[in-house]
Amino acid sequence: MKRIKTPIANSKTRIEKKKTPTPPQWATRFLSFYCRPELLEDLEGDLNEFFHRNLQTKGAFLARLIYILDVLKFLRPYTLRKPRLSTGNFMFASYVKTSTRVITRNKLFSGINIIGMSVSLSVGLLVMAYVSDLYSFDTTLDNKDRIYRVISSFHPGGGPAKARLASTSWKAGTLIQQQVPGIESMTILRNWFRGDAQIGEGKIPVTGIYADKSFFDVFSFPLVKGAAPTALKEPRSLVLTQTTATKLFGNIDPMGKVVKFDTVTYTVTGILQDLPTLSHIHFEMLVSLSSINVAGPQLPGGDGNYLDWTNFFSNYVYVLLKKNTDPAAFTAALERISVRENASQKPDRKITLLAQPLKKIPFGTGMGNEIGPVFSIIMLYVLCGLAGIILLSACFNYTNLSIARSLRRSREVGIRKVIGAQRIQVIGQFIAESVIISLASLGVAFLIFLLLRGQFLAINPDLAKTFSLSLTPRLGFGFLVLAIVVGLIAGLLPALFYSKINAVQVLKDASALKVFRHLTLRKALVVVQYTFSLIFITATVMGYHQYKSFVRFDLGFRTDNILNVRMQGNRDEVFVKELAALPAVKKVSRSLLINSLGSITGSQMSYRSDSAEIDLNYVDANYLPLHQYTFLAGHNFLPKQKDAPQTEIIVNEQLLRRFNIGHGEPAKAIGEVLTRSGKNLTIVGVLKDFHYGTLDRPINPTGLVYTAEPGGYVNIKVSPINVPATMTAVETLWKRLDPVHPLDAHFYDDQIEEAYSQFSVTLKVIGFFAALAVCISSLGLFGMVIYTLEKRVKEVSIRRVLGAEKGGLVYLLSKGFLLLLGVAAAIALPLTWLFFQNVVLANFAYHQPITFTDLFTGLFIVGGIAAAMIGIQTLKIVRANPVKSLRAE
Amino acid sequence: MKGTHLGEFEELVLLTIATLVSNAYSVAICDELSIHADRTVKLGVVHAVLNRLEEKGLVKSELGEATATRGGKRKRFYTLTGAGKASLLRAKEIRDQLWQKIPNLTLNRI
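Note that the protein sequences, when read in sequence, are chains A and B.
My numbering applies: residue 1 is where the first sequence begins, and numbers increase by one.
My numbering applies: residue 1 is where the second sequence begins, and numbers increase by one.
None of these hints come from the bench; they were simulated from the model.
Even glycine gets a Cβ: it sits at the ideal position worked out from N, Cα and C.
Mixed in with the good hints there might be a few duds.
Unchecked claim - Within a straight-line C-alpha distance of at most 30 Å, the following computed BS3-like cross-link-like pairs (lysine-lysine) qualify:
| id | chain 1 | residue 1 | chain 2 | residue 2 |
| --- | --- | --- | --- | --- |
| 1 | B | 92 | A | 82 |
| 2 | B | 101 | A | 73 |
| 3 | A | 233 | B | 56 |
| 4 | A | 82 | B | 101 |
| 5 | A | 688 | A | 794 |
| 6 | A | 548 | A | 247 |
| 7 | B | 56 | A | 73 |
| 8 | A | 107 | A | 171 |
| 9 | A | 360 | A | 203 |
| 10 | A | 548 | A | 107 |
| 11 | A | 587 | A | 508 |
| 12 | A | 586 | A | 548 |
| 13 | A | 171 | A | 350 |
| 14 | A | 144 | A | 323 |
| 15 | A | 688 | A | 640 |
| 16 | A | 171 | A | 144 |
| 17 | A | 523 | A | 548 |
| 18 | A | 791 | A | 806 |
| 19 | A | 523 | A | 171 |
| 20 | A | 58 | B | 42 |
| 21 | A | 82 | B | 56 |
Said to hold, decoys possible - Every beta carbon over 12 Å from chain A, so not counted as near; a handful from chain B, in silico:
| id | residue |
| --- | --- |
| 22 | 30 |
| 23 | 31 |
| 24 | 32 |
| 25 | 35 |
| 26 | 38 |
| 27 | 44 |
| 28 | 46 |
| 29 | 47 |
| 30 | 51 |
| 31 | 67 |
| 32 | 69 |
| 33 | 75 |
| 34 | 76 |
| 35 | 83 |
| 36 | 97 |
| 37 | 99 |
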C-alpha cells in the first residue's frame with residue numbers, strides 16, 4: 001500500500017501545491033484507507049487528473065466537491081481492501097503449545113504468577129458474586145421494573161438538614177389510591193406485628209407484616225395454598241410462609257386453622273412459598289391490614305392516629321405502575337399530594353413523597369426505617385476498589401516478572417522473528433501465555449472462592465441471611481471474562497516489549513538488549529504495589545488500635561461482670577427479687593436502655609426560659625451504684641413506690657453547662673428545677689460526664705430519671721467466678737417467668753464490642769485485603785529479586801574474587817530493593833495518616849491519637865518480610881563459590 | 001458463458017482501448033468514449049468495467065509514466081489480450097451476420 005513516487009514528480013507537486021489549490025487531503029486519506037493497494041495509485045491519479053481539469057473549468061470549490069463525491073463513488077465492492085487482521089496471522093494451536101511448554105519449564109515464574117493470580121482472582125470472584133447478588137434482588141417477581149416504593153423526605157426538627165425514610169404514611173397510600181392516575185395496583189404494608197402465637201396449649205413467638213388485600217397484585221410471590229385475591233381481604237387473616245407453617249403446625253395442614261394472639265383469634269387463609277433469599281423484604285407471615293382498627297385507641301409513643309399524614313414511621317406503600325405510565329408523571333403526582341397535605345403542617349412535619357424503583361432498594365442510601373437489610377453503595381465501591389487493586393497487583397507481578405526474565409526469552413523471540421514471525425504474532429503469543437496462566441489460576445481461584453464464600457457470609461449474620469452468592473451461568477461467564485481480562489492486562493506490556501525486540505541485535509548479543517530501559521516502569525510498578533500494601537496494613541493496624549480503644553474506653557462508669565437481661569415485655573418485680581437471692585449475684589438494677597450502646601431516647605426540657613433536647617434514660621435506685629457512676633454533688637435516688645410520679649432527675653455536667661446552672665459549681669445545681677411538658681423535675685444529683693451514646697457522638701446534656709420499674713432491662717452484677725453456673729441459674733429463673741421467649745442476656749462488655757461491630761467488620765475486611773496485598777507484592781518482589789540477581793551472578797563472582805566483603809555485597813545487591821520499599825513507605829504512610837486523621841477519626845468525637853507504633857508497625861512487618869526475602873536470595877548468591885559461575889561460560 | 005459474453009458498454013470500452021492503441025488509460029478512455037458515444041461517461045463506471053474486463057482476461061494492464069496533473073501517480077495502460085480481440089471479433093461477427101439477414105426493403109419500411 002505504499003505509494004511509489006518518483007522523486008521528480010514528487011518535487012513538482014510540492015512546488016505546485018504552493019500556487020494551486022489541492023484536493024482535500026482527508027478525502028485522499030479516506031481513499032487510501034478503503035482502497036485495495038493495487039488499484040489505489042491508478043485511482044488516485046485519475047482523480048487528480050480530473051481535479052485539475054475541473055479546477056480550470058469549474059473553479060476550486062466545485063473541483064473539490066467533485067473530488068470528494070468521486071472518492072465516495074469509488075467505494076464499491078471491487079475497490080474495497082480486504083480486512084487486514086486475518087485470523088491466518090494468529091496461530092492459536094501453536095500459541096497454546098509453546099505457552100504450555102514455557103509455563104511448565106519456568107516453574108518459579110509460573111508458580112509465583114499462578115499463586116498470586118489465583119488468590120487475587122478468588123477475591124475478584126467473591127466481589128463479583130456479591131455484586132451479582134445485589135443486582136439479582138427481587139428478580140423472581142413479575143413486573144419488577146414497574147414496581148415503585150413511595151418514600152418520605154422530611155426535615156427533622158424543622159432544620160435545614162434533610163432525612164429520608166423508606167416508610168411513609170398510611171394516609172399517603174390512601175391518597176395515592178384515590179388521586180393518582182396510571183396505577184395498576186398498589187399495596188400498603190405495616191411493620192411490627194409481633195406476638196406469641198397460641199395454638200392449643202403451646203405458645204410460639206412470631207413476627208409478621210401487615211399487608212392489605214392487593215399485596216399479591218403488586219408482589220407476585222407464589223401461594224402454595226389459598227387464593228391470592230382474597231387471602232388478605234378479611235380482618236384477622238394470616239398468610240404464613242411454609243417455614244412458619246411448619247414451625248407453628250408441624251405437619252398438619254394449617255389452612256383454616258385458628259391462631260390466637262393475646263385475646264384475638266386469627267385464621268390462616270393462605271400458605272406462601274418461602275421467600276427467595278434475594279428479596280428486599282422478609283417476613284414470617286402476613287397479617288391482613290384490615291385487622292387494624294384504625295378508629296381504635298391511639299398508638300403508643302405519641303405517634304397519633306393510624307391515618308395521620310404525619311404518622312409515617314411504620315407504613316410502606318408499593319405501587320405497580322401501568323405499562324404506559326411515565327415514572328416522572330407519578331413523581332409529579334406525589335409532589336402535588338405532598339404540597340397539598342403539607343399546607344396545614346408545622347415545618348418539622350412537612351413530608352415530601354418520593355418514588356423509589358424496586359431494583360434500587362437493596363442499595364442503601366442512608367435511609368431510615370428500611371423494611372429489610374440494605375447494603376451501602378459506598379461499601380460496594382470500596383469492595384470493588386479493593387478487589388481491583390489486588391487484581392492489578394497480581395497483574396503487575398506478571399508484567400514485572402515477564403520483563404525481568406527477558407534474558408532468557410529474548411533470544412527465543414529473536415529466532416521467531418528471523419524465521420518470519422510478524423510483530424502481531426509475537427504479541428499474540430505473549431498474550432496467549434498470560435491468558436493461559438490466568439485461566440489456570442481461575443481454576444484454583446474458584447476453589448478458594450468456594451472456601452472464602454462461607455467465611456465472607458459468616459462475617460455478619462445479616463449477610464448470611466440475605467446473600468446466597470450462589471453460582472449462576474451468567475456469573476460463571478462473568479468469572480471467565482474476568483480471568484481473560486486479567487490475563488490481557490497482565491500480558492499487554494510484556495507482549496509489547498517483546499514484540500519490539502530487534503532480532504539481529506538479540507541474536508548477536510543478548511546482553512546488549514536494553515532491558516534496563518524498562519527498569520523505571522518496573523520500579524514504578526513495585527512501588528505502587530508496596531504503597532497499596534502499606535496503606536492497607538497500616539490502616540488495619542491503626543483501625544485495630546482505635547477499635548480496641550473504643551471497646552476499652554473509660555465510659556465514666558463500670559461495665560465489667562454486668563449481665564443485661566432484656567425483659568421482652570415481662571414484669572420484672574418477681575424476677576429481680578429472685579435474682580437478688582442468688583448467691584453469685586451481687587446487685588440488681590433496672591433501666592429502660594443500656595447506656596453507650598447506641599440506642600437513645602430523649603425529650604425537650606426547659607430551665608427557666610431556655611429549652612434543649614436532653615438525652616434520657618430511666619433507671620431505678622440501684623442503677624447508679626451498680627455501675628459506679630461518679631457523683632460530683634448530691635446523692636442517688638431514694639427508692640419510691642412504683643406508681644409515684646417522676647419528680648427527680650440526676651444530670652451530667654454537660655447539662656449544667658448547657659443551661660448554665662451553678663456556674664461551674666455542681667453543688668449549686670442541687671435543687672434546681674427542670675420542666676418537661678409542664679411537669680417539674682428536681683435535680684438531686686450531678687454526675688461526672690459519661691458516655692450515653694457511642695463514641696462517635698459527643699457527650700450531650702443527659703439526665704437520668706427515677707422510675708421504679710422502667711421495664712426495658714434488668715442489669716445484674718455477677719461474681720466473675722463460675723459464670724456458666726450463674727448463667728444457668730438466671731436462665732432457670734427466666735424460664736419460670738417467661739416460658740415462651742428464650743432468655744436474651746448479654747454481658748455489658750460484649751454488648752459494647754457488638755456496638756462497634758460495624759467497625760470491626762470493616763477492619764476484618766481491610767485486614768484480609770491487607771494480608772493478600774502483602775502476600776502478592778512479596779511474591780512479586782521475590783521473583784524480581786531472583787531474576788535481577790541472576791543477571792548479576794558474574795558481577796558478584798568477580799567482586800568476590802577481587803576480595804569484596806560478603807556483608808558489603810549483600811548491602812550492594814539489596815539496597816536497590818530496599819530503596820523502592822522506602823519510596824513506597826514515604827508515599828503510603830503520610831497518606832494513611834492524613835486519611836485517618838481527617839476522614840475516619842473525624843467521625844468519632846472521642847478517639848485516641850494516632851501513635852508512632854500505629855504508623856510504623858505495618859512498615860516493620862512488610863519491610864521485615866521483604867528484607868528476609870532479599871537477604872536470603874542475596875546471601876545465596878554471595879555465598880556460592882565464585883569460581884563455579886566464572887568458569888561456566 | 002460469462003467469460004466471452006460482452007455487455008454493450010463493455011464492448012464500447014474494449015473498442016475504445018483498441019482505437020487508442022498505446023494511450024489507453026482510464027481518463028483517455030473516458031474522454032474518447034464521451035466524444036464518440038455522445039453521452040457523459042462516468043469515470044467510476046469506466047473503472048469498474050476495466051476492472052471487470054481485466055478479470056475476464058480480455059485486457060491486460062501495466063503501469064506507465066507519471067504526470068504532474070496526476071499528482072505524481074502513474075497511469076495504468078490497458079491493451080487487448082488475444083481473448084479480448086477474439087471476443088470483439090466475435091461480437092462484430094454476430095452483428096454482421098444479423099445485418100446481412102435484414103432485407104433492404106424491410107429496413108426502408110421502418
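Regarding the pair residue 92 of chain B and residue 82 of chain A, is the alpha-carbon distance no greater than 30 Å?
With Cα atoms ~38 Å apart, residue 92 of chain B and residue 82 of chain A exceed 30 Å; violated.
When you check the alpha-carbon spacing of residue 586 of chain A and residue 548 of chain A, does it fall within 30 Å?
At roughly 28 Å apart (the allowed maximum being 30 Å), residue 548 of chain A and residue 586 of chain A satisfy the hint.
Cβ separation check - residue 69 of chain B to all of chain A, threshold 12 Å:
4 Å, violated
Find the nearest Cβ of chain A to the Cβ of residue 67 of chain B and say whether that gap is larger than 12 Å.
7 Å, violated
Does residue 35 of chain B really sit off the interface, with its C-beta more than 12 Å from all C-beta atoms of chain A?
15 Å, holds
Hinted pair, alpha-carbon criterion (30 Å max): residue 101 of chain B, residue 73 of chain A. Please report holds or violated.
43 Å, violated
Does residue 203 of chain A sit within 30 Å of residue 360 of chain A, going by the straight-line distance between their CA atoms?
38 Å, violated
Whether residue 99 of chain B stays farther than 12 Å from all C-beta atoms of chain A, as the label says:
35 Å, holds
For the pair we were handed, residue 107 of chain A and residue 171 of chain A, check the Cα-Cα distance against 30 Å.
With a Cα-Cα distance of about 71 Å, the restraint between residue 107 of chain A and residue 171 of chain A is violated, given a limit of 30 Å.
Status of residue 51 of chain B, Cβ more than 12 Å from any chain A Cβ
5 Å, violated
Taking the shortest Cβ-to-Cβ distance between residue 97 of chain B and chain A, state whether it exceeds 12 Å.
Correct as stated: the minimum Cβ-Cβ distance to chain A is 34 Å, above 12 Å.
30 Å limit on alpha-carbon distance, applied to hinted pair residue 548 of chain A and residue 247 of chain A:
Given that 30 Å is the threshold and the Cα spacing comes to 41 Å, the pair is violated.
The earlier numbered hints that this structure contradicts are 1, 2, 3, 4, 5, 6, 8, 9, 10, 11, 17, 19, 22, 23, 27, 28, 29, 30, 31, 32, 33, 34.
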